[in-house]
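*Asks:* If you read the protein sequences in the order shown, they are chains A and B. Just add 7 to wherever you are in the first sequence, counting from 1, and you've got our numbering. Just add 1120 to wherever you are in the second sequence, counting from 1, and you've got our numbering.
Keep in mind that the hints were calculated from the coordinates and are not lab data. Do not rely on the hints blindly, as some may be mistaken.
With a straight-line cut-off of 25 angstroms between C-alpha atoms, the simulated PhoX-like cross-links for lysine-lysine are [said to hold, decoys possible]: (1) A:K341 to A:K419; (2) A:K30 to B:K1248; (3) A:K18 to B:K1248; (4) A:K621 to B:K1139.
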Amino acid sequence: MLSSPPVGIFKAVLWKELRENLKWAVAGFIAMSAGLAYKFSFFVQQLRGGNTSYEGYAGAFEVTILGAALIGLSLGLAQTVFENRGDKWGFLAHRPLSRSTLFWGKAVAGTALYVAAAVIPVALALLWMSGPARLPIPFDWRLALPNVADLLCGLVFYFAGFLTGMREARWYASRALGIGAPFVCFFMESDFARFWQAAAVCLAGVLVVGTAAWSTFVAGGQYRVQSRIGRAAVGISMGLGVAAIAVLAIGALMGFFLDLSFPSRSTQYAVTTDGAVVKTVTNNDEIIEVTDVAGRPLDQYRSVPSRSALSVDVLSAESTSFRMPFDNYRSSRKVFTRLTPSRPDYFRGTVSWYYVHRLNLIEGYENESGRLVGRMGPDGFAPGNALPRAFEGPLRNPEGYGQPQALLMFEKAAYRLDLDQREVAKVFVPASDEVLREVSVPGYDGATLATYGEMARFELIATSKRAVIQLRDGTKLLDVPHPVEAKEWSEITAYRPMRAPGMPTFLRYSGYRSFEPTPGRRVPFDQIFRFNGEGSITQNLYLPFVGFRANTGAREIVILSLTAPVGAHVLVEVVARIRGYYEALPGTLMAIRWTVVLFIAFASAAAALSVGAKYNFSRNQLLTWGAITFVLGPGGLLIMLAVLDWPALEACPVCGRKRVVTAEHCEHCQAPFAAPPMDGTEIYDLN
Amino acid sequence: MTETVIETRGLTRYFGNRKAVDGMTLVVPRGSVFAFLGRNGSGKTTTIRMLLGLLEPTRGSASVLGVDSQRLSPEMRARIGYMSESHTLYNWLTVRQCGEYQSRFYPRWNEKIFQAVVGHFQLDPRTKAGSLSRGERAGLSLAITLAPEPELLILDDPALGLDPVARRSLLESMIYVTRGADRTIFFSSHLLEDVERVADHLAILDRSVLRACCPMESFRAHVQQFLLRYAGNTVPPAQLPSIRGLLHARRSMGELRLTIAGANSDTHQLLRTLAPTSIEEAPARFEEALVGYLGNRGERGFFLEDTTLLETAGARS
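Just chain A, same shape as in the assembly (with noise of 0.2 angstroms):
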């Protein structure tokens, strides 16, 4: 007689997954490698032509998320599909362990063969990648952050397939809706700026799906007989499969209704040739309206025929850095910022030069064999792998660099860069009371720079105290301290009308954030100082705020009334009072929004209660249910229909009422069900 322990019982369910799953794994693998393989040589030959930055080929790895995401939701599958009903479950389950144990075993074999099929061709292209002289770039183990959070994404659409396998439920039904919830965490994951967050976002799916389908495979498929933990992750998983549905539904909706393609209509600010501050409402280019900056027509404008047109020579030296944390996982720029651009018609040499911020360095690769050429720093150019002096601190402009030469913007110096001449040159020291906190060039064409020469290539330079317009030689054109009224500016742009008379200054000073206004701020700040000559503020305008929500219509709110949840319009609204840019509704729009939105709720509420009292559910069935339903609306009805087991409805022999087929007795009339009726040829002999 053998003795088996337990570990011997997992390793022999183990085993037998391994060897049973494998081929799944190697077609995956092999698929994963191919598709890796295809993108790779293309991300690597653009960028060996030079013809793109790493950012955006990040596309060789769109693979990842689809592999992972394929392979994931196979293995998921092929695990339980074959044999989760009749007698192949009979011949899995009927064994001397617990199915936990069971799913234990199976998860753990799905991970690993999950693991070999998606993260190995992955892990062996970044290993690649990180040797020396492979590509034209610098590069540091956290840019495969993205791949990380693809791949631990894909774990979720493994347990997603798990539960859609073995979840009993009607295929054409809501049986695939548990596949919503692993899209859900990728919309998440791939939209969080941080790693940890995208990496909990993942984690906590697996942890979610991962229960929905430890508890479904327990269950044998079931959800009445699951623990209360396991519903509810079920039910999580259904409902993030609604939601994700729901999006699709609106988005599809708002399609066919509205057009939301990026408005063409659109509303700005704009300094005129000949110097003039005005709103301009255009549709894509052309002008429809141009007044002042209280709303006033502005006749003289009536006849110029485009935005474009009314701005002809303004030189505008915007902002590039938004004040935001440069730190998105998914993005390359936390590691290094290219210097060289992008866009083949700038594209003069065959070195890529990247600003590396782990070094403070200048790095430059040479494009065709990814041979490190140098590094850059404040004392100019050094060749090979000799590490010059460093830059002094974090790079404090790490977006923008569209131009051939650029400025590099530290909190005690800017410098200018000529990257064909691997020359830096320092242009700028502020004050030791002061920090540097914009540097901008305008962008100009050869016929500008023909027509104005040096003038057209003046560099805005803005520290915490003042504002400072000079040319390339240093000459000052301006060189003022920031208004009073612009104190807490967050972003800062310089224009001159070359043409207007006197060559104003226009600067204009912003508290938003990006495009959005400043949180917390209920009316943003953005007001522009138009400067003489001489430094003087000749006139002083308050933008008023033109932004995204100006444009609500009618038709959106009654859409999203009919369509999105009283849970959604109230976490909206919460959450728009808590960011500062809650704005209220016409009275109308907001009664009929309101009006469409709980009649909704409400009518959802009393359609489960409904349902829920005709399967007899009980107390806290119907509590629980009513609000969901009432919270979630329709997409909680569809969630109660998918989650729960409906047994069949039989009329009750004795007071002739449907009652359900589970109870003992009649819920109506307490009647117990009958035996079934005797023939006479009945033998019972129990004894």
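Put chain B on the given structure of chain A with help from the hints.
*Replies:* Positioned in the frame of chain A, the structure of chain B alone reads:
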């Protein structure tokens, strides 16, 4: 009272709106070879799956070895051997690997039994399960079911589709291994000859309803055959009165043969009202009795439907 290994109370299972098992109350005594009979789709496999905890009953309950079938612990499952009608195996394993794999799960695995059954079926240990014939698969299936020396053996139509030799081997292995140790065998089958040979108890499922659950002797004693003779070519009455327990009726020229369960003095009285010249009573043959249970009942029988044929035949003669 005999110790029971399986007991069900009002066990019921629906699939959608279809009732697969209806209010089954069943008792299987320890040490019995219990035949579980019924036509295809009558609910035998569903019942077995509920007994093993593989399916949840819609209502009612079942206990196996004294434990609720839905709460069988791994230790309890080790005491129950189960062989499905499709003889499920992992096709990519060889015969030897099947044994090795299964042995990991069972602390009481008896390699000698495994080898004995495999040898009895003359299985090559190196053959993959996927390459075995149906009979050989049944043999291997039986070997891995018997080797853990289960206290209760549940076999779902084990001989389905087997040739007579394989069937005989299967029965021999089954009985040889289990009878000596006073173990219980609960098996479903369509093969009445096998049932008659090995079973000492039986239960009959008729379209999801349990009609009989008793020892074999009791069954035989309860099911009687009555031969009612009529003079000359007299055709027996076209319409029969409602006879309680009537399983089957066969009418022929000058006689009416009735299979009746649980006949008593009232039955005799009722039969006399049919005015036969004589009534002969004898225990029904086992097969006849079972067919009576499993086929259409009493007056719905084919031979009673078309009485005109008999009358025409009687007139011609």
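*Asks:* Confirm or reject each hint.
*Replies:* Comparing the hints with the structure gives:
1. A:K341 to A:K419: Distance ~21 angstroms between A:K341 and A:K419 Cα, so the pair holds.
2. A:K30 to B:K1248: Between A:K30 and B:K1248 the Cα gap is close to 18 angstroms, so the pair holds against 25 angstroms.
3. A:K18 to B:K1248: holds, 21 angstroms
4. A:K621 to B:K1139: holds, 20 angstroms
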